[in-house]
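> Okay, here's what each chain looks like letter by letter:
Protein chains: 2
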Amino acid sequence: MKTFFDCIPCFVHQSLDSVRMTTTDEAVHERLLREVLRTLAEMDMRQSPPAMAKRIHRIIREMTGQADPYHDAKERFNRLAMDIYPELAAQVERSANPLETAVRLAIAGNVIDMGVNHNLSDEHVHEGIDHALDAPFEADIAAFGEEISNAANILYLADNAGEIVFDQLLIKQLLAEKVTVAVKGSPIINDATMEDAETTGLTKLVKVIDNGSDAPGTILEDCSDDFRRRFDEADLVIAKGQGNYETLNEVGRDIFFILKAKCPVIARDIGCHVGSLVLRRSRSTIMKEGDSHAKR
Amino acid sequence: MKTFFDCIPCFVHQSLDSVRMTTTDEAVHERLLREVLRTLAEMDMRQSPPAMAKRIHRIIREMTGQADPYHDAKERFNRLAMDIYPELAAQVERSANPLETAVRLAIAGNVIDMGVNHNLSDEHVHEGIDHALDAPFEADIAAFGEEISNAANILYLADNAGEIVFDQLLIKQLLAEKVTVAVKGSPIINDATMEDAETTGLTKLVKVIDNGSDAPGTILEDCSDDFRRRFDEADLVIAKGQGNYETLNEVGRDIFFILKAKCPVIARDIGCHVGSLVLRRSRSTIMKEGDSHAKR
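Residue numbers (numbering that gives the first Met the number 0), protein chains in the order written: chain A, 0 to 295; chain B, 0 to 295.
Just so you know, not all the hints are guaranteed correct.
Treat identical chains as interchangeable: a pair holds within one or across any two.
Said to hold, decoys possible - Calculated lysine to aspartate or glutamate pairs in the EDC-like style (CA-CA distance at most 20 Å, straight line): (1) K261 / D121; (2) K1 / E25; (3) K177 / E137; (4) K1 / E29.
Simulated from the structure, these hints should not be mistaken for laboratory data.
Starting from the given sequences, assemble the full structure and let the hints guide the process.
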C-alpha cells in the first residue's frame, strides 16, 4: 500500500511521541521535528507507510543515541499479556469454535500498537479483548481452517510486543510444530523482537526467526535472505497487524492478514469501518481466484 | 502564544482539508502538502499559530487560484445561525441572568471553527448550544458586567462566520451603541469578513470595521493603522475565539477573551480542560492586578 496524504500528519505526531520518550530536551524535540518535516517534504509517496516510519525512527535513534526507546513499554505490555494469558487460553478451550475465538483474541492483541496509540493503557487492552470477543466478524473461519490443515509449513509474521502473547493462542490452534514465527530484526516502535519472543516464552512453543529488518512491517527487499527464502517457501503466510498489511497487501502470494483496522486510511483501503476485526486473504490471491495458478 | 510542537501535525491536517475544498486534483494536494511541510520545517516557532496559518492559507490560495475556499461553508453557517437566532434571543430574554446566558451562547457559536473541525455538521452546532447552556462556567460574570458598564467604547473582535450571529446576543447586552465589531480584512479559513457582517445583519445593529489582515487571529503589526488606533483607544476589548487568544494573550492591555477551548494546546495554556467554556481576562492584566496602572 502506498502512503496516503492523510498518513503525513500521523507521522509528524508519531515522531513527536517517540522523541518525547527518549528525552525531555525540547531543543532535541524541535531539531527532530524539523528534520522529519524536511524528510516528509521530499519523500516518495509510492513507498508504504512502514518504509517511511523506518526512516523517521532511524533519525530519532541517531539524534538521541537511544537504540530502543520503547523498551520499557514493550516489557510492560508483555507482562500484562502474560498475566491475562491463562484466562484467555481457558476461554479458547471452552469455546464452541476455538479457532474463531483464537483469531478474535489474536486481533484483540493487535490493539497494542504504539505507532497508532501512544498513550495506550491497560484499560485499552482489556476493552480491546471485550470488543474482539463480541464484535461482528465476517471472516470465513472454516476456509481459513481448511487452508491451515492443508499447509505443512506456516510462516507467522508477528507484529508487536504484548501482542505476541495473544498470538500464542492462535499458534496453538495452527499446531505449533508447523509454524515458524518471524519477529523484527531490531527495535522499531513497539514491534516484537527476539528479546520479546524469549521473554514471553514464544521461543519455547515454536521456532522463532528474525526478519533482519528494522521496518514496522515486512519490506521484503529489506529483509534477510533467510527470511525471504522462508517467506517464498511457506505453504501459508499469516501476517499480523497494519504494518504487515501495508507492506505486503500487493505482494503476489497467498497471505492471510489478521488485524484490527485502527485508522481511517487502512479501513478505507480494506473497505471496512475503523475498529473492525479483519481476517483477509491477500488481494492478489482474491484477484487470481479461479485461475489455475500454483501457489508459487 | 507561541506555536507549540503539537500544533504542527494539526497544520498539516488543516492544509489537506483546505486544499481538498478547492480541488479534487491529487497532484495539487501533493504539491501543496510538500510546500507546507517545507515551510513548517523552517518556520519560526516563536510566532503564534495564526501567523503560521496565514502563511499556509496564502500558499493554498496562490496554488489553487481560489481567494475564498470556505465561501459556501460560511454562507451555510450564517444561514443556520440566523435560522435559530430568534429562539436563542428568546432564551436570553427569559433568563435569570441574561448577560451570562448571552456569553454562554456566544461561546456556543465558537464551535463553528473549521480550522479545528473541518467536518462540522449542523448537529455539532446544536450540541454546542446545549453544552454551552448546561456546562459549568466559572467566570466572574458580575465583574465582567461591571467592566462593560464602565466602558464608554468597546471593541469586539469577531471570530467566525455563523458565530457572528451568536455574538449579536452578547452585543445587545453590551448596548450596541457602545460597540464596534472588527472582522477580518480578507478571507481566511471560515473567519467572518465584512460580507458576513452584511449578510447576517450585523452591520445594521452596530458599527463594523475590518482589521485589514488575513490572519485567523489578530496580529497587531499585520492590521491597518485605523484598526490599531481603535484597539489602543477602546476602553474594553472583547476577543472571540482561539485565534484571537493565541495572538493577543501576551499583549499588554486589558482584554476579555471569550471562547471554547477546543484543542489540548490551548486548554493547557489557559489551564482548563478541552471543551471548557472560557471568559478570561488577559494574563497581562491579571499579572498587573493590584498595581496602580492606568488602563493605557
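> Take the hints in turn and mark each one as holding or not.
Status of each hint after checking the structure:
1. K261 / D121: Answer is within: at 17 Å inside a copy they meet the 20 Å cutoff, but 27 Å across does not.
2. K1 / E25: Between copies, since 14 Å is at most 20 Å while 32 Å is not.
3. K177 / E137: For K177 and E137, the Cα distance exceeds 20 Å both inside one copy (26 Å) and across copies (65 Å).
4. K1 / E29: Between copies, since 13 Å is at most 20 Å while 28 Å is not.
Hint 3 alone, counting from the list given before, is not met by this structure.
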